[in-house]
Each structure stands twice: as C-alpha cells, then as structure tokens.
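Turn these sequences into a full structure, and let the hints guide you.
In this note's numbering, each residue carries its 1-based index in the sequence shown increased by 58.
Possibly wrong hints are sitting among the right ones.
Claimed, not checked - With a Cα cut of at most 20 Å, we get these calculated SDA-like pairs of lysine to any residue:
#: 1; residue 1: Lys526; residue 2: Trp568
#: 2; residue 1: Lys148; residue 2: Glu115
#: 3; residue 1: Lys526; residue 2: Gly496
#: 4; residue 1: Lys358; residue 2: Ala324
#: 5; residue 1: Lys148; residue 2: Lys200
#: 6; residue 1: Lys484; residue 2: Lys526
#: 7; residue 1: Lys361; residue 2: Cys331
#: 8; residue 1: Lys526; residue 2: Asp491
#: 9; residue 1: Lys286; residue 2: Gln265
#: 10; residue 1: Lys361; residue 2: Gly302
#: 11; residue 1: Lys559; residue 2: Ala485
#: 12; residue 1: Lys200; residue 2: Lys158
#: 13; residue 1: Lys526; residue 2: Gly563
#: 14; residue 1: Lys459; residue 2: Ala485
#: 15; residue 1: Lys477; residue 2: Ser430
#: 16; residue 1: Lys559; residue 2: Glu539
#: 17; residue 1: Lys300; residue 2: Tyr312
Unchecked claim - Using C-beta positions, here's what the derived DEER-type ranges look like:
#: 18; residue 1: Asn368; residue 2: Ala324; range: 25 to 33 Å
#: 19; residue 1: Lys158; residue 2: Gly257; range: 33 to 41 Å
#: 20; residue 1: Arg319; residue 2: Asn368; range: 22 to 30 Å
#: 21; residue 1: Ser359; residue 2: Gly147; range: 30 to 38 Å
#: 22; residue 1: Gln219; residue 2: Arg323; range: 51 to 59 Å
#: 23; residue 1: Gly257; residue 2: Tyr383; range: 40 to 48 Å
#: 24; residue 1: Asp223; residue 2: Arg157; range: 22 to 30 Å
#: 25; residue 1: Ser264; residue 2: Gly192; range: 25 to 33 Å
#: 26; residue 1: Asn163; residue 2: Asn368; range: 52 to 60 Å
#: 27; residue 1: Arg157; residue 2: Ala216; range: 32 to 40 Å
#: 28; residue 1: Gly257; residue 2: Asn434; range: 57 to 65 Å
It should be emphasised that the hints constitute simulated quantities derived from the structure, not laboratory data.
Bear in mind the structure is a predicted one, so any value in this text is a computation, not a measurement.
Where a beta carbon is used, it is the ideal one built from N, C-alpha and C, also for glycine.
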Amino acid sequence: MALLSSGQQHLDTSPVFLAAWKGHWQLVGAMIEKGLKVNQEDGEDSLLELAIAQDEEFWIIVLLRSGVDVDYRSRSRGRTPLMHAVTRGKISTVDLLLRKGAAANAQDTFGSTPLLEAITQDDSDLVDILLQHGADRNLRDKRGYTPIILAARLGRTAIMQRLLDPPTLSSNLTQSDARSLLMSVIARGQIETLNLLLGNGFDVNSQDSFGTTPLHKAVIQGHIGAVKALIDHGADVLSADKHGNTPLLLASGYGKVQIVRRLLRAENIDLECCDISGRTPLLKAVAVGQEGVVDLLLSKSAKTTSRDKNGDTPLLLAAGFGDIYMVRRLLEARDIDLETRDRDGRTPLLRAACNCCDELIDLLIDSGADTSCIDNFGFTALSLAISNPEARNAISLLLRKAKTPGVFLRQGAKVGHPKTVEVLLKAGSPLDDCDEEGRTPLWWAACCGHERIVELLLETGRVNANAKDIHGQTPLKMAAERNHGRIIRTLVRAGADRNIKDASGRDPRWWQRAFNSRPARGLPRLSKTKKRRIRAQ
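Have a look at this one:
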C-alpha cells in the first residue's frame, strides 16, 4: 500500500509503471494476474520497454505471453521495443521479439531502423538476425543513409560483407549513392572497405557534378593506398574534372610525391596534360615549389618548354618566385631556353632582377643569360634592379658580370631612364661606347628626345657631342630631324657642330626643315640673300 500511495504522488505515473521503474516486477506480475492491461503507456515508455531496459528477460517473456504490443512506439522519437533491444545489444531479446512478430523495418522519427541501429552498434550478430527476419537493406533514414552507406561511413567492413551478399546489392544503389559511398570511404582512408566495394561492382570512374572521380578524391586526400586500390581496379588516370585537372595534375599541385610516383607507373599516363589555365604537371609543381615532384617529372622527361595561358614556362615561374633550387634543377634539362619570354617580354633574368634575387641573377648570368635583353616596356635587367631601393648587390652584380657593360648605358639612354643613367655614370660606364652601327648613349638620348639624359651625359664633360654613327649622323642631326628643340639648344651650347654633314652631304638644318613644317629654334636660319638666290634659281 505504501508503494501505491507513493505512486499517487506522481500525477502522470501509474502504480504499475512506478513499480516497474523501481524494479518490483513481482508486484507487476501480481497486477497482471489480477487482470492488469499490459498495453498501458506512461507518456514515453511501455512496460515492455522498461523490462528490456532492465534486462528482465523472464518478464519480457511474461509480457509477450500476456499480449503486449511488440511494436509500441514512444511518443518523442517513435522508437519500438525492438530498437531498444538492438541498442542494448541483447541478441536473445531481439530474436525473441522478431519471432513474436516485431516489425524488422520499423522506422523512428529520424528514419532509423533496427538494422541501422545494429550497424551503429557494430554488432554483426544482430545484423545477421535482422537480415534473416527480412530487414530491408535499402531503407533510408532522414540523412539519406541506407545500411550499406552507414556501414561504409563507419568503417564496418565485416558488416558490409554481410550487406553485400549477394554482390548484386550494389546495383540497387543509385549512381549518386554509390559514388557518395566511395567518396566517403576514400575520405576516411578505409582501404579494406574500399577494396570490398570495388570488388562488388562499384563504378570506379563515376563522376560528380564537378567531374570529380574517386581517384581525384583519393589524390586530394593524399591516401596512397586508396590511389593504388583504385588504379588496380581500373581507375582512369586521364580522367579530367571540370577544371581540366587530371589525377596527375592534382598530385603535382598538392606535392603528393608518392602518389605522383605511382601515377607515373601507369601505362597511359600523359606528362603533358593541361588544366583549363594551360598548366602541365611540371608547371603546377614549379608554381607551388614542390621540389620532389619536379625531380620526378624531370626524370621522366617532362617538357620544360611548355607554356600556360599566361605565357609562363617552368623556368619563368621559378625565376619569378626566386626559387634557386628549382631554377638550378631546370637548367640541368637539355631543352631549357634561357631567353624564353613571357607576355611582357621578360626573360628569367629580367624576372630575377625585378625581385632583386642576387643568387639567382648570378646563377642565370653564369649559365649564359643575356644581360642586355629588354622587355616590352623598355626595361633591362639593370633598370629593373635600379628601380628597387634594396637592389645594391644586384646592381653591382649585373655591372660586374655583364659581358658588354656599355650596353646598359645605351639602353638607359634609349628608353629614357634617368635614374639608371645616373647609377651607371657613377659606376664609371664607358660614355662613348657604341653599338654595331656606331650609336653612342648621347646619340640615342638625342634621337629619342630624352632631354634629362642628354644633360646628364653632357654634364660629365667627357662626352663627344659630335660622335658620328656609321652613316655620319651626329646627335645634333638626330635631334634636328625629330625637331627636339630643347635638346638641339642644349647640344649647341655644349659645342655640337651645326655644320657637320652626314654621309649624304646634308647638315642638321637641312634635315630639320625637310621633316618639320615648323622647325624648332636652335639652329641658324638661312640668310635672306641666300633665300633670294634660292628663289631666283
């Protein structure tokens, strides 16, 4: 009576449920003998669920004989007694409930089934019993997981073997499910599970909406075991995703040396495959500084002259990044081109000079790089280095190692870089050094209209203002022909001879009048007497 009276204190709890919670099953049995209805519920649990929770197998049998509902569902999650028994791993209870007609395919509010619960518990014996009683291998929970998908995600290989018997089960999965299953297994590095799936007919070359295959996934995850398994089962090593990436391109870009080595052993591997940006495996490896991958690719004779859509070659990329090891390794290749140029006309040396990488500049010059080359904007290696305030060592290195140091001053005068000219003048560059046609720095500055450079050269007091090229043309003649008035006057003040004639017998004044309708001031005009004489003729 004390128990019954205490039960009355619980507004939502009947005496029989309170007795069951307390484990007083003898009292529950007495109530059943007195005609108690065994299918009572108490908000959440049933008597059968309480007996299962307390491992009261004898009273489970009593309740079953008394007609208890074996498929009663809890209000909150809709779980059945069978699900509770599976969760607790009670094989005998599960078997008993199934023999009494419990629904093997009942689903709770989350879509979970007894079979899914057994897989979660990693209990192969429970899985066997449920399958023997007709558990559906294709039912999904609300996450979209079927038993085989859940087992694969959890790495339950032994259970997967049971679920894949017969092997035709894989054909019951949608293509999306099968692919998702493979990707999930690969992401977790579950090689044994992967081999099991591949051996049961799963498509090794299936692609998702981005064109990614299982082999792509294995490469990205860096699982060499998965890569080997996939290739052994016929994975296409040339398959490209929507960005044009093949497994080799991905492995090269991610620096997966072991994977690259395995892919290179494939019979039909393509060393020169390109992604949508035009980059080959070698270009990708160089771009991210993957030395081990570069060594492997070069050992297989990957082309060092390939260009991406930006016009970059492996050597240009390495020089641009200042990667000494990579440049040195590439220079060992037979087909390397030291003077290859990018879209801006820059060679590896020009890129190295732009970054003021002293060691790299030294290496390239010693390898035979042309120090006199000019890019599309008129910059030389020296002028690029001079534009960087931290380039003192690079400047002295270029001046010291250049085969024809005079070319720098001519180039600086030609393209109009006063700062470059100032540095070169201080360094003692030869002022009247000329090119193959006899053109000096002053000749180029006057011809191209660079007034400040003309002044800098004349201020030294050691420049020959009347130096002729092979055609007899002086700086004054070139300035006059192009009508550079200020330069004409500067040259005349510096002592340039206005009467020197070129190879055609014409002086600067003649050329100025011939090419310009409004000649600039600086050269003497023809006298009126001479003009009348010309008219009379």
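Kindly indicate which numbered hints from before are broken by the structure, ordering the numbers from low to high. 5, 6, 11, 12, 21, 22 and 27
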